[in-house]
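Just so you know, we're using numbering that gives the first Met the number 0 here: the sequence shown kicks off at 0 and counts up by one.
Some hints here could point you the wrong way.
With beta-carbon atoms standing in for the labels, derived distance ranges [to be verified]:
hint, residue 1, residue 2, range
1, D66, R175, 32 to 40 Å
2, H151, R60, 28 to 36 Å
3, R175, N59, 25 to 33 Å
4, D71, R175, 31 to 39 Å
5, R175, D67, 33 to 41 Å
6, H192, N59, 20 to 28 Å
7, D197, P152, 27 to 35 Å
8, D69, S138, 17 to 25 Å
9, L196, W134, 17 to 25 Å
10, H151, D71, 15 to 23 Å
11, G56, A27, 17 to 25 Å
12, N59, Q179, 23 to 31 Å
13, E208, E94, 17 to 25 Å
Straight-line distance between alpha carbons at most 20 Å, and here's what the computed SDA-like set of lysine to any residue pairs gives [as the list claims (entries may be wrong)]:
hint, residue 1, residue 2
14, K189, Q177
15, K173, G190
16, K34, R207
17, K34, R98
18, K34, L52
19, K189, R176
20, K173, P199
21, K173, L127
Derived by calculation from the structure, the hints in this document are not laboratory data.
Virtual Cβ for every residue (Gly too), placed ideally from N, Cα, C.
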Amino acid sequence: MNPLPTACKDEVVLTLPTILLPGLGIPASAWNNVKAHVPNAYATDRLDSHSPLSLEGQVNRVIEFMDDRDIDQAQLVAHSMASFIGEAACRLHPERFTRLILVDGSYEERRKACLRIPIEKLIPHATLRAIVQEWRCYSFWANELREIQRSHPLRTRTVVIAAYACRPGRWVRKLRRQAQQLSALFVPMKGSHRLMLDRPEAIAALIREDPPQAQRHDGYAL
Numbered sequence: 000m001n002p003l004p005t006a007c008k009d010e011v012v013l014t015l016p017t018i019l020l021p022g023l024g025i026p027a028s029a030w031n032n033v034k035a036h037v038p039n040a041y042a043t044d045r046l047d048s049h050s051p052l053s054l055e056g057q058v059n060r061v062i063e064f065m066d067d068r069d070i071d072q073a074q075l076v077a078h079s080m081a082s083f084i085g086e087a088a089c090r091l092h093p094e095r096f097t098r099l100i101l102v103d104g105s106y107e108e109r110r111k112a113c114l115r116i117p118i119e120k121l122i123p124h125a126t127l128r129a130i131v132q133e134w135r136c137y138s139f140w141a142n143e144l145r146e147i148q149r150s151h152p153l154r155t156r157t158v159v160i161a162a163y164a165c166r167p168g169r170w171v172r173k174l175r176r177q178a179q180q181l182s183a184l185f186v187p188m189k190g191s192h193r194l195m196l197d198r199p200e201a202i203a204a205l206i207r208e209d210p211p212q213a214q215r216h217d218g219y220a221l
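Taking the hints into account, I'd like the entire structure generated from these sequences.
In structure tokens:
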């Protein structure tokens, strides 16, 4: 798919497609306010009981989503637990992604694997069951990503966004460390964990690479 031309004053800006991945238990519709400011954006939804449990299976699902829409290259924006998917996708398929933006992404150093316990009888609702299944895969995905990191370097330009409520604390310092490890641009942003709902215009500005927004957020020079 060719980039879409969008008017910007007297110029024509070519905008690559943007793939938006929601976090655990969050519907694709949570990205609607961001999409209103980003042309050619697509939000995926993983809230179904047939979602693959492996991290690589989730990556393949993103690639299939792109192939079904004839998208050759795109920016990839991943929120929360979907950051595992986003980083793995860019490492495994660097030719498909021009930039990776991790929105308050999961960054835990959990080593112990979660137990795989059948929950079909405990939770009859398919969507809730899918959420619980995915949550139980958290440590599996973290460990799977760690293996991918060892064998596949990250060549995609990356932005790490960290949410904070009042002032930056331990969590922001942790994501700053992640940004350093990924050689990424680090952006602390005031708001709740669901930044796409709290700060849609700021998120969209980073996706569009709007220079003023990309250089300074909430008083923090980058």
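Going down the list of hints, with the structure as the test:
Judged by the Cβ atoms, the range 32 to 40 Å given for D66 and R175 holds: they are separated by roughly 35 Å. In this structure the hint that H151 and R60 lie 28 to 36 Å apart at CB is violated, the actual value being about 18 Å. For the pair R175 and N59, the beta carbons lie near 31 Å from each other, so the given range of 25 to 33 Å is met. For D71 paired with R175, a C-beta distance near 33 Å keeps the hint of 31 to 39 Å intact.
Against the hinted window of 33 to 41 Å, the Cβ-Cβ separation of R175 and D67 comes to about 37 Å, which satisfies the hint. Taking the beta carbon of each, H192 and N59 are about 27 Å apart, inside 20 to 28 Å as hinted. Between D197 and P152, the C-beta spacing of about 33 Å keeps the proposed range 27 to 35 Å intact. For the pair D69 and S138, the beta carbons lie near 36 Å from each other, so the given range of 17 to 25 Å is not met.
A beta carbon spacing of about 20 Å between L196 and W134 agrees with the range 17 to 25 Å that was offered as a hint. Range check, H151 to D71: Cβ separation about 20 Å, and the 15 to 23 Å hint holds. For G56 paired with A27, a C-beta distance near 18 Å keeps the hint of 17 to 25 Å intact. Checked against the hint of 23 to 31 Å, the C-beta distance between N59 and Q179 comes to roughly 30 Å, which is consistent with it.
Distance hint check for E208 and E94: the Cβ-Cβ separation is about 20 Å, which falls inside the suggested range of 17 to 25 Å. Between K189 and Q177, the direct Cα distance comes to roughly 18 Å. Compliance with the 20 Å bound is thereby established for this hinted pair. For the proposed pair K173 and G190, the alpha carbon gap of about 17 Å is at most 20 Å, so the pair holds. Between K34 and R207 the CA atoms are separated by roughly 11 Å; this keeps the pair inside 20 Å, and the hint holds.
Using a Cα cut-off of 20 Å, the hinted pair K34 and R98 holds, with the two alpha carbons roughly 17 Å apart. In summary, the hint linking K34 to L52 is not supported, as the alpha carbons are separated by about 28 Å, beyond the 20 Å threshold. Only pairs whose Cα atoms come within 20 Å are accepted, and K189 paired with R176 is accepted, the gap being roughly 18 Å. In summary, the hint linking K173 to P199 is not supported, as the alpha carbons are separated by about 23 Å, beyond the 20 Å threshold.
With a CA separation close to 30 Å, the supplied pair K173 and L127 exceeds the 20 Å bound.
Against the hints set out earlier in the document, violations occur for numbers 2, 8, 18, 20 and 21.
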